[in-house]
Amino acid sequence: MSRLEARNLHIRLGGRAVLSDLSFQLGTGELAGLLGPNASGKTTLLRALAALTEPERGEIALDGARVASLAPRDRARRIAYLEQGAASQWPVTVQRLVALGRSPHLAPWERAGESDRAAVADAMARCDVGHLAARPATELSGGEAARVMLARALATGAEILLADEPVSHLDPYHQFSVMKVIRDHADRGGAALVALHDLTLAARFCDRVLLLHEGGIAANGTPDDILTPEMIARVFSVDASLTRQDGLLHVVQRGIVGRADDGPGGGV
Amino acid sequence: MTSRTGALYGFLALAVTGLAILSFMTGPSALSAGSVWSALVAPDASPSSIIVREIRLPRTLLAILVGASLGLSGAALQGLLRNPLAEPGIIGASSSAAFGTALVFYFGLAGSSLAVLPAAGMTGAMLAVGLLFALAGRDATPLSLILAGVAISSFASALTALAINLASSAYAALEITFWLLGSLADRTMAHAAIAAPAMAAGWVLLLSCGRGLSSLSLGEDTAKSLGVSLASLRARIVLGVALAVGASVSVSGAIGFVGLIVPHLLRPAVGHDPGRLLGVSMLGGAALMLAADIVVRLLSSGIEIRLGVVTALIGAPFFLALLLQMRRRSG
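As you go down the protein sequences, you meet chains W and X in turn. For the first sequence, the positions run 1 to 268 when the numbering used here is used. For the second sequence, the positions run 269 to 599 when the numbering used here is used.
Source of the hints: derived by calculation from the structure; they are not laboratory data. Quantities reported herein were computed from a predicted structural model and do not represent experimental measurements. Be aware that a few hints might be false.
[Stated by the list, open to error] Facing chain W, a subset of chain X residues (Cβ under 10 Å, in silico):
no., residue
1, Asn-351
2, Gly-487
3, Leu-494
4, Ser-497
5, Arg-535
6, Ala-537
7, His-540
8, Pro-542
[Unchecked claim] Coverage of chain W stretches by chain X, computed from C-beta distances (three or more under 8 Å per stretch; other residues unrestricted):
no., region
9, 83 to 91
10, 94 to 101
11, 104 to 114
12, 120 to 134
We put the CB at the ideal spot given by N, CA and C, even for glycine.
Make a model of the complete structure from these sequences and hints.
Put into structure tokens, the structure is as follows:
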């Protein structure tokens with residue numbers, strides 16, 4: 001069943017058309033990877049879906065209702081947004097930072113209740129950050145911070161998770177563990193759209209990938225169907241070879257399109 | 269409320285109470301706690317009773333009201349601008365309110381009605397806020413807000429200087445200058461009664477921002493995605509600061525740095541959460557203002573040292589130390 005739907009989305013930023021006539025759907029239980037080169041519009045699309053930027057034309061609907069017409073707190077309870085490189089300005093504890101995810105559930109003067117505490121504890125357990133609870137959020141390693149911010153997003157209890165490059169700058173272990181948590185979120189009946197740069201990681205975890213190219217969708221389908229040497233060459237301008245091992249897709253970049261001899265030190 | 273926050277509130281409330289008692293006892297004629305008590309519960313026509321009710325009660329009450337307003341405004345602005353250096357002076361509210369009151373003295377209207385000064389102070393603060401919105405726009409970033417505030421603040425100070433410059437008599441110029449130094453001496457209950465409603469309205473607006481400010485510590489996008497309306501948050505804080513600070517300046521003159529120091533000292537005690545900082549900064553501001561006003565009275569013999577001078581003498585080095593500490597941390 002389709003949950004989040006974008007129809008004929010057009011977005012201009014600073015006079016430049018960033019997204020043009022983009023349509024797609026995200027269904028229950030689905031983990032979709034949002035792939036594309038830098039400046040292809042991934043962040044803009046995620047921000048538009050989270051109602052952080054207003055489309056020039058087109059519509060975004062959640063279960064058939066226009067997202068723009070939802071009250072901010074209602075929307076925040078149903079769509080969680082994980083900003084790229086999110087960080088806390090003040091050294092609050094991890095426990096308190098994750099608990100901020102509950103703020104859409106609380107009226108201005110209301111205190112957190114039992115269900116809020118349970119949701120925070122659950123989100124922290126799923127992201128394996130329980131042992132960090134008392135640590136200042138500004139003194140975490142990159143991998144710890146990524147999991148803490150993910151826990152904050154999950155603590156909202158929102159079905160839809162929009163994550164902007166949640167595994168950038170992470171070591172392989174943390175990339176894998178973060179993606180596992182997001183996969184698990186989708187498998188529990190949620191849905192997630194995740195901007196990624198690692199094609200192999202996308203193929204490993206995503207049900208579907210959305211390839212953005214120059215503000216439009218170049219391809220939309222299962223990783224097996226979409227991730228082909230031809231498509232990768234067209235969208236990313238890299239010459240890639242794809243191999244399959246134990247049923248898993250591996251993408252190896254051999255060089256830049258038209259300059260297949262470019263190895264390490266070959267320059268760009 | 270965690271038990272730790274509860275203990276902090278208890279401690280601060282105790283400090284405010286203790287300092288208020290000291291404030292009643294301190295002055296040119298020192299009074300015992302017993303005579304203060306009897307003057308408050310069983311007023312009579314004795315000199316000590318009159319001193320307590322007519323002189324020390326308004327002074328103590330205003331120290332609490334003004335201190336709470338400045339502490340709370342500072343905490344809210346620091347949360348909104350995500351900058352520990354922010355304070356009511358920075359958005360131009362203090363200096364514009366001061367200019368409003370300077371105009372009243374300039375035209376010799378201060379004696380005409382008690383309501384003139386507060387009305388002029390709040391009008392000045394409101395104008396500053398209106399101008400701030402016009403200059404910085406509705407979706408103002410912290411930087412553009414600070415820059416616009418500095419511009420407004422400089423302009424208001426220049427206009428105040430002009431008023432002093434053009435004052436018709438040396439007496440009027442002196443009156444403006446002394447007012448700008450900030451003091452709580454010789455105020456009446458009428459001053460407190462006129463300022464209190466505007467301050468209370470400002471407090472309610474500012475205290476309603478706690479959760480939004482906590483969310484804002486994760487950045488504007490994340491805060492919005494958590495359901496915070498940034499436009500409403502900014503409007504409530506700027507209006508709340510204008511009411512609270514405008515009313516404060518109009519009864520006490522310009523008293524700086526309380527809004528800077530208090531939130532900074534209390535921040536670690538509330539786990540650095542900008543939302544939880546609001547309430548405790550009110551009590552902390554009241555305590556600091558009471559303490560400073562007691563010190564002023566203890567130091568003074570003959571010419572009273574102005575309260576604003578004392579807070580600036582303590583506050584400016586504090587500001588510098590804070591700046592150096594931040595630079596060391598980022599360098």
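So, going through the hints one by one against the coordinates:
no.: 1; hint: Asn-351; result: holds (9 Å)
no.: 2; hint: Gly-487; result: holds (6 Å)
no.: 3; hint: Leu-494; result: holds (5 Å)
no.: 4; hint: Ser-497; result: holds (6 Å)
no.: 5; hint: Arg-535; result: holds (7 Å)
no.: 6; hint: Ala-537; result: violated (13 Å)
no.: 7; hint: His-540; result: holds (4 Å)
no.: 8; hint: Pro-542; result: holds (6 Å)
no.: 9; hint: 83 to 91; result: holds (count 7)
no.: 10; hint: 94 to 101; result: holds (count 4)
no.: 11; hint: 104 to 114; result: holds (count 5)
no.: 12; hint: 120 to 134; result: violated (count 0)
Going down the numbered hints, you'll see the structure goes against 6, 12, while the others check out.
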